[in-house]
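Line by line, the protein sequences are chains S and D. Taking the working numbering, the leading residue of the first sequence gets 1, the next gets one more, and so forth. Taking the working numbering, the leading residue of the second sequence gets 1001, the next gets one more, and so forth.
Incorrect hints may have been included.
To be verified - Here are some, though not all, of the chain S residues that point toward chain D, as calculated from beta-carbon distances under 7 Å:
id, residue
1, His-142
2, Glu-146
3, Ala-328
4, Phe-332
Stated by the list, open to error - Beyond 12 Å from chain D on every Cβ pair, some chain S residues (computed):
id, residue
5, Pro-62
6, Ile-69
7, Gly-74
8, Ser-80
9, Leu-85
10, Ser-87
11, Leu-109
12, Glu-129
13, Thr-136
14, Asp-184
15, Pro-267
16, Glu-291
17, Lys-314
18, Leu-347
Note that these hints are calculated values from the structure, not bench results. Computed from a predicted model, the values in this text were never measured in an experiment. Note that CB positions come from ideal geometry on N, CA and C, so glycine has one too.
2 protein chains.
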Amino acid sequence: MKKLLPIIALFAIAFGAQAQELSNFQRGPRPVISPEIQGDSVTFRLKADYATVVKLSGSWMPNPYGGTIDMTRGEGNIWSVKIPLPSPEIYTYNFVVDGVAVNDPQNVLVQRDGTRYLPMLIVPGERTENYGEAKTHGTVSHPWYESKILGYSRRLSVYTPYGYENSPKKKYPVLYLLHGAGGDEEAWISMGRTAQILDNLIEKGLAEPMIVVMPNGNPGQQAARTLNIPEKQIDWRSEEFRDAYVRSLCTEIIPFIEKNFRAVPKPSSRAIAGLSMGGGHTISASNLYPEMFDYICPLSAAGSATPEQVAALKKAGVKLYFLACGNADFLFQRSEEMDKKLTEAGLDHTYFVSEGGHTWANWRLYLNTFAPLLFK
Amino acid sequence: MKKLLPIIALFAIAFGAQAQELSNFQRGPRPVISPEIQGDSVTFRLKADYATVVKLSGSWMPNPYGGTIDMTRGEGNIWSVKIPLPSPEIYTYNFVVDGVAVNDPQNVLVQRDGTRYLPMLIVPGERTENYGEAKTHGTVSHPWYESKILGYSRRLSVYTPYGYENSPKKKYPVLYLLHGAGGDEEAWISMGRTAQILDNLIEKGLAEPMIVVMPNGNPGQQAARTLNIPEKQIDWRSEEFRDAYVRSLCTEIIPFIEKNFRAVPKPSSRAIAGLSMGGGHTISASNLYPEMFDYICPLSAAGSATPEQVAALKKAGVKLYFLACGNADFLFQRSEEMDKKLTEAGLDHTYFVSEGGHTWANWRLYLNTFAPLLFK
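Just need the whole structure built from these sequences, with the hints factored in.
What follows is the structure in structure tokens.
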């Protein structure tokens, strides 16, 4: 027995992460390596014995989801293609085998976007330096809060910074970070690399140690990746449920967090940020509860506020209003209008316009940009 | 704006979990439903425009990974097959399109086994009644502990039971639950349904409220789903690193848990259980530290103990020794031998033999069976 254990452990190391139920003790030949970055190129490989056409699609391509680059069959029916490394960013890609999208079975780095599991290619560089693992790590937890407004208990993702456990008397500011339509409480963790970005920024002394709370912004969902069987049918468009999620956020989630985590329960220690639909939620929350947050960051948002609503924020003494959008975003015009409204109402704010569209590349960039501005 | 938000939310509900970056505002026709359980049958569906052969593989089949059931092309290139519902259990399945394994893009229930993401089919019944969502939920968190023995910080999964946050003076017993070769700190959460099983057992009053700690048992891995770049090359077979992980578990992880969680720091409040390689780790830990755990559960284990080592456990006053294995497991003979050794050494123990082999179906059953026996 004593001899067997280290051998099993060695197998696990030598072959990387393997399926334990399926392939345990049934190791085959050395697996294909994919993707493989070498200098300024990257090679993708897939074993596909019976395929007639294999293509590569990547989010760096002009037409990323059409399967645009042909792969070539090689020895052992391993199809491959070597391409120039795209500029530093986190990309997703997949193979298209005889017209059907297929993941890369060799890649341990996988994002989840709704029901899609997408292999990642992280191209190193200045842009991505905070997206990889830091030396120190905060804790990500998934507590459930009880929502009387929405009628059931609901799952949250909560990041507490490195050192939280060892500083039992320290209290922390909190960023409420909201996802877009189709996302859930894991979106900012999976696609947004929130834990990695905060770990790196805090480790470098660039951001204040903070708690980050990522709720589920779909009022009809209890939790990501579960079958939700609602006890009663609710018309979420009805007057009763208008803004129901935003009310749950501000009157249920925030008290839950301030009770169960060591959070400073003050507007000066609360920030809210959200992308797309979550940007709309951010604007709704600041319209409905103008004194709740001193830091407000709508990202690629579909939202608006009346002059009176902006005036209420000004009166409340908002410390940072960070509005961001890509110049190719289909909601860019909305952001232009919001910027104009904020200017007209005399609210000091930052308007951050980036290249590109409605993408996680932009939302990671925004988080990496505004997080250092919070709570200072 | 106020009008827009509920409409977006409705989209998210009506169409279920959708990819937010890709398909946001680009909704197509109503998606395919798969799998669909109706009475005593289940239908699987996949849209595949250019495929020539589409098959279904399922873990309930005699030859589950060969793609054994043909699917039929229907309207809109939706391929489908309707089969009798297998007996209650959690199964995994995939499609095989022109010889390439493909996941079901419609199914939100997905397990991860190494780098494989496998859609799940949960067949309801008595066997699976604790595998679905309970009404109350514990919290799963992922703290990192510092390992001097292994040379870096490492990620854990920790389950705290429902009520933990609201009972600040209560202390809890702890189950250390170990995975097999090829698994990681998420295996028991993902494939083992540990949070659901404990939520249900505790809610029903069948198990004591307990903390469950699931470490990563591969000493060369910092964390699941990350690229681990070791700072130095370590020969894990060398004398220095023999049992290194088990030593880290008992002298680093346990103190970390007992410091950072409200755990009762006594043998009578510590249990250890593990499957396959983790069963080996369980036996190694109880050999090396006979006074550490009052509850010891090797599952489908490759492990052994000398008569002296069993005598040390007997002397330490072990309260439960729960040995389990499937009668078709390739390690069944090992368990038979272990049972015999325990009997010969006079250690009162439970030997639980189930149908079947080295499978998660068995490991979920074992957890569901022994968890109610702990800490009583």
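Hints and how they fare:
| no. | hint | verdict |
| --- | --- | --- |
| 1 | His-142 | holds, 5 Å |
| 2 | Glu-146 | violated, 10 Å |
| 3 | Ala-328 | violated, 14 Å |
| 4 | Phe-332 | violated, 14 Å |
| 5 | Pro-62 | holds, 15 Å |
| 6 | Ile-69 | holds, 17 Å |
| 7 | Gly-74 | holds, 16 Å |
| 8 | Ser-80 | holds, 15 Å |
| 9 | Leu-85 | holds, 16 Å |
| 10 | Ser-87 | holds, 18 Å |
| 11 | Leu-109 | violated, 7 Å |
| 12 | Glu-129 | holds, 15 Å |
| 13 | Thr-136 | violated, 7 Å |
| 14 | Asp-184 | violated, 7 Å |
| 15 | Pro-267 | holds, 23 Å |
| 16 | Glu-291 | holds, 20 Å |
| 17 | Lys-314 | holds, 19 Å |
| 18 | Leu-347 | holds, 17 Å |
Against the hints set out earlier in the document, violations occur for numbers 2, 3, 4, 11, 13 and 14.
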